[in-house]
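With chain R fixed as given, assemble chain A onto it according to the hints.
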Amino acid sequence: MAQPEASQKSSSASVTSSLLAAVAKGDQQAFAQVYDATSSILFTLALRMLGDRDEAADLLQDVYSEVWRKGTRYDPARGTPTAWLVTLTRSRGIDRLRSRAAKGGRASVALEDSPAAEQAAGDGPGPLDMYAELELRSAVAKALGELPDTQQQALELAYYEGLSHTEIADRLKQPLGTIKTRIKLGMDKLRTTLQSHWEPR
Amino acid sequence: MSHEQFEESVPLYAVGALEKAERQVLEVHLLSGCTACHAALKSYSAVAGLLPYGLPPHAAPAELKGRIMEALPKSQTRTESSAAPVKIQEPARSWLADLLEPGGLRPSWGFNPAVSLAAVLIATGAVLYSVYLRSQVTIETGQIQRVQMMLQEENQRIAAAQQQLTAQHQELSALRDQVGLRTGEVEQLKAELASREEQVDQLQTHVAQQAGGNSDLRKALAQRDEILALLRSPDVKVVSFACLHDAKAAGGFILFDRSTQKALFYAFNMPALPPDKTYQLWAILDKPVSAGVFQPDQGQKTRGMVRGLPDPAKITKFAVSVEPSGGRLQPTGAIYLMGQL
Chain R
609 MAQPEASQKS SSASVTSSLL AAVAKGDQQA FAQVYDATSS ILFTLALRML GDRDEAADLL
669 QDVYSEVWRK GTRYDPARGT PTAWLVTLTR SRGIDRLRSR AAKGGRASVA LEDSPAAEQA
729 AGDGPGPLDM YAELELRSAV AKALGELPDT QQQALELAYY EGLSHTEIAD RLKQPLGTIK
789 TRIKLGMDKL RTTLQSHWEP R
Chain A
2 MSHEQFEESV PLYAVGALEK AERQVLEVHL LSGCTACHAA LKSYSAVAGL LPYGLPPHAA
62 PAELKGRIME ALPKSQTRTE SSAAPVKIQE PARSWLADLL EPGGLRPSWG FNPAVSLAAV
122 LIATGAVLYS VYLRSQVTIE TGQIQRVQMM LQEENQRIAA AQQQLTAQHQ ELSALRDQVG
182 LRTGEVEQLK AELASREEQV DQLQTHVAQQ AGGNSDLRKA LAQRDEILAL LRSPDVKVVS
242 FACLHDAKAA GGFILFDRST QKALFYAFNM PALPPDKTYQ LWAILDKPVS AGVFQPDQGQ
302 KTRGMVRGLP DPAKITKFAV SVEPSGGRLQ PTGAIYLMGQ L
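From first to last, the protein sequence lines stand for chains R and A.
Heads up: the first sequence is residues 609 to 809, going by the numbering used here.
Heads up: the second sequence is residues 2 to 342, going by the numbering used here.
Hint data in this document are derived by calculation from the structure and do not stem from the laboratory.
Possibly wrong hints are sitting among the right ones.
[What the hints assert, rightly or not] SDA-like cross-link-like pairs, simulated, lysine to any residue; straight-line CA separation at most 25 Å:
id, chain 1, residue 1, chain 2, residue 2
1, R, Lys-633, A, Gly-67
2, R, Lys-678, A, Ile-123
3, A, Lys-66, R, Gln-641
4, R, Lys-781, R, Thr-800
5, R, Lys-633, A, Ala-72
6, R, Lys-678, A, Glu-23
7, R, Lys-678, A, Ile-145
8, R, Lys-678, A, Ala-124
9, A, Lys-21, R, Arg-779
10, R, Lys-633, A, Met-70
11, R, Lys-678, A, Lys-278
12, A, Lys-278, A, Thr-261
13, A, Lys-302, A, Lys-318
14, R, Lys-633, A, Val-138
15, A, Lys-21, R, Pro-783
16, R, Lys-678, A, Lys-318
17, R, Lys-678, A, Glu-71
18, R, Lys-781, A, Glu-23
19, R, Lys-633, A, Glu-5
20, A, Lys-66, R, Leu-627
21, R, Lys-633, A, Lys-278
22, R, Lys-678, A, Ile-140
23, R, Lys-678, A, Arg-135
24, R, Lys-633, A, Glu-23
25, R, Lys-678, A, Leu-65
26, R, Lys-678, A, Lys-66
27, R, Lys-633, A, Tyr-130
28, R, Lys-678, A, Val-138
29, R, Lys-711, R, Arg-661
30, R, Lys-797, A, Ala-124
With the rest of the complex left out, here is chain R:
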């Protein structure tokens, strides 16, 4: 399979390990660079999970503050810096969803959909990073689009809403095995389709 090299670097090119190391040492400028390169994808994720811009912003504040305090925790052997930040954001987002559920709040979210035109504005990533990210976005969107809706739905409920397969089965009134299979098939397909985007060199 042909592997476009630019795409391979895309998701992490703007945030390097050394940049995170600088953040770990208290370099505010490096921190600002990390923010510029990642705030969009992290906010997108946070908004999808929480369904509320203010709460998503609060989540990002928590995450970046944790990055500032615990930048040393990042281990390059375990993945790209951006992947680490995405995992961190999802993890803290799930925490928020659970505490919200524990308080008897809404369990599901109504997602507001708005165009991404504002993305290019401001001091965001440079043009090359922008191009790489756009390519990654379109690749992921395309790969997801090729999945059956049921698989997409199961993945999203697990990943964005923190539901276990049992909870998903309950929610969708489907057998547990069916849900497990949908998740497994969906992930297998994505792993193959997006191999050039996640596979390390």
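Using the frame of chain R, we list chain A on its own:
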């Protein structure tokens, strides 16, 4: 659980769809060193990390960056240590999940029975890390206490300095008061000195006056002594004067001592003379010899000592004439009194 069952659950683990119990079982399996499952987890985790890129993108609110940057704790190390105790209390699953989720376990661990030892080592490491963090907290606390002590000492030093300053101010004002007092004293002393000087002047004047008085007294005493001595002398002779002119009330006498050649002359009712005239006493031997000039006082009396009379044995008469002022060597005017021995 078979290996296939574990491998089946890895994609669900990667998107967070496993139940808690299943998750823990898989984690134990991963820690046991299943390389196939490690590799699978790493790839599925990477894929899961790409999922957000499939969402319609949303830029973070413009003001969020400033908010976050502003809220950053100023010192990295301080917050690291303050966050440490919280981290210690997190359940073991959490750090293990952190370890696994982003990219799986390190490939270098490989498949090895000794990996269970690695698990122990990791656990040991975690304990050691927590101990290290606690020691860091202790060190930080010690440092904070030291800084607080230094602050306290500094405050005490400042307070002491302020007290000194206040004391010095008080001393200064006291000195000023003293100087004021001294200045007043000096003024008083000057005034006193001036009055003393005045007194001294007065005293000097007085003393001078007294001295003058004394000399007068002494003179008077001497005269009296002289007169008494003359009176007591066995060789004293008395000669009475008779008036030779119309002023018949006038008269007088002379006591003279031949041994000492002194004589006491006394005359009374002697009319005052015009300013250009004076009375002159003569001792007449074979020829007249001047014995001095005199003026009567306001009571028209004359009294005086005559010294250095010529040879008393040869004196036959005494006479008083009126002569021009200053006297003459020989009598030129009229003889006014005459006394025969």
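Hints, verified against the model:
For the proposed pair Lys-633(R) and Gly-67(A), the alpha carbon gap of about 20 Å is at most 25 Å, so the pair holds. Restraint check for Lys-678(R) and Ile-123(A): the C-alpha separation of about 19 Å stays at or below 25 Å, so the hint holds. With a CA separation close to 11 Å, the supplied pair Lys-66(A) and Gln-641(R) stays within the 25 Å bound. For the hint linking Lys-781(R) to Thr-800(R), the alpha-carbon distance of about 29 Å lies beyond 25 Å, and the restraint is violated.
Restraint check for Lys-633(R) and Ala-72(A): the C-alpha separation of about 17 Å stays at or below 25 Å, so the hint holds. Taking the CA atoms of Lys-678(R) and Glu-23(A), the gap is about 29 Å. The hint is violated against a cut of 25 Å. In summary, the hint linking Lys-678(R) to Ile-145(A) is supported, as the alpha carbons are separated by about 22 Å, within the 25 Å threshold. A hinted pair counts as satisfied when its Cα atoms are at most 25 Å apart, and Lys-678(R) with Ala-124(A) qualifies at roughly 20 Å.
Straight-line distance between C-alpha atoms of Lys-21(A) and Arg-779(R) comes to about 18 Å, which keeps the hinted pair within the 25 Å bound. Proposed proximity of Lys-633(R) and Met-70(A) is supported: the alpha carbons are some 15 Å apart, at most 25 Å. With a CA separation close to 142 Å, the supplied pair Lys-678(R) and Lys-278(A) exceeds the 25 Å bound. For the proposed pair Lys-278(A) and Thr-261(A), the alpha carbon gap of about 31 Å is over 25 Å, so the pair is violated.
For the given pair, Lys-302(A) sits about 21 Å from Lys-318(A) by alpha-carbon distance, which is consistent with the 25 Å threshold. Between Lys-633(R) and Val-138(A), the direct Cα distance comes to roughly 19 Å. Compliance with the 25 Å bound is thereby established for this hinted pair. As the CA atoms of Lys-21(A) and Pro-783(R) are separated by approximately 19 Å, the hinted pair is consistent with the 25 Å bound. Among the hinted pairs, Lys-678(R) with Lys-318(A) is inconsistent with the structure: their alpha-carbon atoms are about 155 Å apart, more than 25 Å.
Under the criterion of a C-alpha separation no larger than 25 Å, the hint pairing Lys-678(R) with Glu-71(A) is consistent with the structure, at around 17 Å. Distance restraint check for Lys-781(R) and Glu-23(A): the Cα-Cα separation of roughly 21 Å lies within the 25 Å cut-off, and the hinted pair is therefore satisfied. Restraint check: the Cα-Cα separation between Lys-633(R) and Glu-5(A) comes to about 44 Å, which exceeds 25 Å; the hinted pair is violated. At roughly 18 Å between alpha-carbon atoms, Lys-66(A) and Leu-627(R) fall within 25 Å of each other, so this suggested pair holds.
For the hint linking Lys-633(R) to Lys-278(A), the alpha-carbon distance of about 136 Å lies beyond 25 Å, and the restraint is violated. At most 25 Å may separate the alpha-carbon atoms for a hinted pair to count; Lys-678(R) and Ile-140(A) meet this at roughly 19 Å. This hinted pair checks out: Lys-678(R) and Arg-135(A) have alpha carbons roughly 16 Å apart, not beyond 25 Å. Restraint check for Lys-633(R) and Glu-23(A): not satisfied, since their Cα atoms lie roughly 38 Å apart, outside the 25 Å limit.
Pair hint Lys-678(R) plus Leu-65(A) holds up; C-alpha atoms about 20 Å apart against a cutoff of 25 Å. Our distance criterion of 25 Å between C-alpha atoms is met by Lys-678(R) and Lys-66(A), whose separation comes to about 18 Å. Note on Lys-633(R) and Tyr-130(A): the hinted pairing holds, with a Cα-Cα distance of about 19 Å set against a maximum of 25 Å. Distance check on the hinted pair: Lys-678(R) and Val-138(A) sit about 16 Å apart at the alpha-carbon level, within 25 Å; holds.
Note on Lys-711(R) and Arg-661(R): the hinted pairing holds, with a Cα-Cα distance of about 20 Å set against a maximum of 25 Å. Among the hinted pairs, Lys-797(R) with Ala-124(A) is inconsistent with the structure: their alpha-carbon atoms are about 36 Å apart, more than 25 Å.
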